[in-house]
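Trainee: Given next are the chains, with one letter for each unit.
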Amino acid sequence: MNELEDKLYTVKYTPDNVSHLQPVQECCKICKSKICSVICPAGVYEWDEDKQKLIVNYENCLECGACRIACESSSIGWEYPKGTKGVTFKQG
Amino acid sequence: MENQENKTEVIVVGGGPAGIACAITIARAGKQVILIERGKFSGSKNVFGGAIYTKPTREIFPEFEKSAPLERKNIEHKFALLGQDDATVISYKKKNEIPESYTVIRGKFDRWMAEEAKKEGVIIVEETVVRELIVSDGFVKGVRTELEDYYANIVVLADGVNSLLAKQIGFRGKLSPEDVALSVKEVIKLPPQTINDRFHVNDDEGCIYEIFGGPMLGMLGLGFMYTNKNSVSIGLGVTLSELVEKGLKPYALLDKLKQHPEIAPLIKDGELLEYSAHLIPEGGYKKIPLLFGAGVMVVGDAAMLVNNLHWEGTNLAMISGKIAGETAVIALGKQDFSENALSHYQEELENSFIIQDLRTYKDLMGGVGERAEEFLGYYPKKINAFFEMFTTVDSVPKRQKYRKFIKSIFTDRKITELFKDALTALKLLWSIIIK
Chain D
1 MNELEDKLYT
11 VKYTPDNVSH
21 LQPVQECCKI
31 CKSKICSVIC
41 PAGVYEWDED
51 KQKLIVNYEN
61 CLECGACRIA
71 CESSSIGWEY
81 PKGTKGVTFK
91 QG
Chain S
1 MENQENKTEV
11 IVVGGGPAGI
21 ACAITIARAG
31 KQVILIERGK
41 FSGSKNVFGG
51 AIYTKPTREI
61 FPEFEKSAPL
71 ERKNIEHKFA
81 LLGQDDATVI
91 SYKKKNEIPE
101 SYTVIRGKFD
111 RWMAEEAKKE
121 GVIIVEETVV
131 RELIVSDGFV
141 KGVRTELEDY
151 YANIVVLADG
161 VNSLLAKQIG
171 FRGKLSPEDV
181 ALSVKEVIKL
191 PPQTINDRFH
201 VNDDEGCIYE
211 IFGGPMLGML
221 GLGFMYTNKN
231 SVSIGLGVTL
241 SELVEKGLKP
251 YALLDKLKQH
261 PEIAPLIKDG
271 ELLEYSAHLI
281 PEGGYKKIPL
291 LFGAGVMVVG
301 DAAMLVNNLH
311 WEGTNLAMIS
321 GKIAGETAVI
331 ALGKQDFSEN
341 ALSHYQEELE
351 NSFIIQDLRT
361 YKDLMGGVGE
371 RAEEFLGYYP
381 KKINAFFEMF
391 TTVDSVPKRQ
401 KYRKFIKSIF
411 TDRKITELFK
421 DALTALKLLW
431 SIIIK
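Chains as they are written, first to last, in my numbering: chain D, 1 to 92; chain S, 1 to 435.
Just so you know, the hints here were simulated from the structure itself, not pulled from any lab data. A portion of the hints provided could be inaccurate.
[Said to hold, decoys possible] Straight line, CA to CA, 27 Å or less: simulated DSS-like cross-link-like pairs of lysine-lysine: (1) Lys268/S with Lys82/D; (2) Lys78/S with Lys189/S; (3) Lys90/D with Lys268/S; (4) Lys268/S with Lys256/S; (5) Lys189/S with Lys12/D; (6) Lys118/S with Lys12/D; (7) Lys55/S with Lys7/S; (8) Lys90/D with Lys66/S.
[Unchecked claim] So, partial list: chain S residues that the calculated Cβ filter (under 8 Å) puts toward chain D: (9) Ile105; (10) Gly107; (11) Val129; (12) Val161; (13) Tyr275; (14) Leu279; (15) Tyr361; (16) Leu364.
Remember, predicted model here, so these are calculated numbers, not experimental data. Ideal placement from N, C-alpha and C gives every residue a C-beta, glycine not left out.
Produce the entire structure from the sequences given, and follow the hints as far as they go.
Mentor: In structure tokens, the structure reads:
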């Protein structure tokens, strides 16, 4: 396990079966920085070079909203997970 | 459609400090109020550094110290200026009769606040996300959740830094990466006695670290440490634009901070209890959105009410919530929910420390941000270099050392740059004290 995985292992999640994060893949394809994959504190975004697709590990999302603001083309469809889903911080 | 069953007097969206303070103020005046929280419980989606402030909290909960889940009362404030591998630390310690602040865990404390609000008549609906506001005839009339619509005379937006609802009704524009800091935090379990020993405090006493530099040298970012009963919270917040421009991972910076020789011994052998992340509003006065409109008010982080220089947020949240609650009660008394009636909220905010403080620091983040390399990089390093020089015993005559140190300031950087630094510093000082 890498260090981020160790950190995320301590977080309680109730994952939904659909993603609350919906990047516009056409924008991701031409995006140079892929900055979401750098700044996300949970490593939610990974660029798959072979498939030319942004992988979204939405179940790890900490719901901070940084990707929504950092995305250079503002093309991440971002909403809160359903009321019963997502992260539950116990030590916030 | 609107009917008797799904109509109330006030709906508050968001069960954090701002929303709860607002709702409880309304309930205490005998009015109907529903508070909608998206998490499993209040505090379950919230993260902060670590301390709530005693006096503002007493304004909402006069006797909170008797029953609230508090961790430690803070008696010491340390300002640590970290170099690459050295540190200068200034500390202010005083045991006040009334502690200035207490560390709390939001998952416990916000939950306690919500329970208190329930006791006073606030109806709390948890695990429910408000997806949009219902607007008609220019008035905000209610909220649309995943399941149903609720109507109210007034809707208060306490939905936090991302406030999608304030955005929906055009109260705030698009946030840019300069307007927020991304904060990551780890809560590290340690035995209470170990915490007491390492931070030089007694049981129930706590110590706050404000951390400059280290892995954030030259960046608009700060670190923090707070002591809880059985754990230490350590984290940092860096302006999102810095992370974007420099291509940095926030948790990698935190890992480096944890390894700094000043910090590492304090958390040694601790067990990670929880990792978390959250945004902090950084825009200050200039980024305050529209605060009120027909049938709606915006409070707390949703209104970007954070004084980042003084690490104040929950107090601004609570007091803005209280003022919005008082405004709602007056409006309900007159049955006038127009923009004009709710403008009372902004007037009172302007009269309070909240807007006054934010106005005082309106130029600060911009000014420091422009010269972050200097103010948060070069000069902190130089301060550490001064103390290194001052404490080194090596048979070199002192006058020679002083001269060398002073000379270095003029050779490290161009005279014109030094002049610009001084000018910016003076301008900022002027804007804070006088303008």
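Trainee: Taking the hints in turn, state whether each one holds.
Mentor: Results of checking the hints against the structure:
1. Lys268/S with Lys82/D: 38 Å, violated
2. Lys78/S with Lys189/S: 21 Å, holds
3. Lys90/D with Lys268/S: 22 Å, holds
4. Lys268/S with Lys256/S: 14 Å, holds
5. Lys189/S with Lys12/D: 17 Å, holds
6. Lys118/S with Lys12/D: 26 Å, holds
7. Lys55/S with Lys7/S: 35 Å, violated
8. Lys90/D with Lys66/S: Holds, at roughly 22 Å.
9. Ile105: This hint holds: Ile105/S lies near chain D, its Cβ roughly 6 Å from the closest one there, short of 8 Å.
10. Gly107: It holds, given that the least Cβ distance between Gly107/S and chain D is near 5 Å, below 8 Å.
11. Val129: 5 Å, holds
12. Val161: Check passed: Cβ of Val161/S comes within 7 Å of chain D, closer than 8 Å.
13. Tyr275: 4 Å, holds
14. Leu279: 5 Å, holds
15. Tyr361: 22 Å, violated
16. Leu364: 21 Å, violated
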